[in-house]
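Line by line, the protein sequences give chains A and B.
Numbers given in the numbering used here equal positions in the first sequence, counted from 1, plus 10.
Letter 82 of the second sequence, counting from 1, is numbered 79 in the numbering used here, and no numbers are missing.
One side of the interface only, derived from the structure: several residues of chain A facing chain B at Cβ under 10 Å:
| id | residue |
| --- | --- |
| 1 | G95 |
| 2 | L98 |
| 3 | N121 |
| 4 | A132 |
Here's a subset of chain B near chain A, in silico, CB distances under 10 Å, partners left out:
| id | residue |
| --- | --- |
| 5 | D48 |
| 6 | A49 |
| 7 | R50 |
| 8 | A51 |
| 9 | L52 |
| 10 | I53 |
| 11 | D54 |
| 12 | K56 |
| 13 | E70 |
| 14 | D71 |
| 15 | R73 |
| 16 | V78 |
| 17 | R80 |
| 18 | S83 |
Calculated directly from the structure, the hints in this document are not laboratory data.
We put the CB at the ideal spot given by N, CA and C, even for glycine.
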Amino acid sequence: MTAKLNAALAECRPHAATLAGAMREAELLRPVTAERAQSLDDPTRRLLDQLAYRFTKLQDSLGEKVLPGLLERAEEPLAPDALFGEKLQRLERLGAIPSADAWRVLREVRNAIAHEYPDQPAIQAAMIERLLDATDELLRVWTDVEAFANRLGASP
Amino acid sequence: MRMTARQLERVRAATARHFGRDARLWLFGSRVDDSRRGGDYDLYLEVGPMDARALIDAKLAMLAELHATPEFEDERIDLVVRRRDSGPEQPIHRSARTQGVPL
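Make the full structure from the sequences, and use the hints.
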């Protein structure tokens, strides 16, 4: 069990490190105006692609592997057919994630990343800005989750 | 139309909560066709003037709210939102409005 959780945490670390690095560069894009969103150069597109890719990978690994692993490790058994929402509420109550609702919105950001709005530059700009904000939030969640795992005794 | 009364209630309530009472809502795509099975929920929304960031935030919050309900937990929802003041409608908006079912 612990080995599985440690493996899941180890899977997240490179995603988080690359995401944090990409985010430091992407901060320079703020504020993302409609004009800027319409005329992104190739390096900036690649940077945003990298950000989106690592955001997706980190969100998926956390949601599918680390969070379920933390619930097991915390010895807080839930019914096998417990809804995902119940698991999130439990994780919030345990202090593993800051907010179940905020996690759900990050999940929606992850699903919305691939969608582009070439005919609506203001919406495209707002979506990029939202991705940058969501990346900050996801990296904070990762920090909290890793700290919680360490408190549970999973080795770093 | 393939949507349960409970789902309809959820979608109407979430629309009003996140986009206001004057937002108009349609179901379009495969869920309109009673002879088909399964499929995504394609929803089209026409909303009043709002800031682009507010629109994105409202859309994400509405999807998060619906996915938190047992009725939509594992369902794919494609939510297309158009501001009425955003210029001429695109073909997807026109077909959603004319071939969809107003909810």
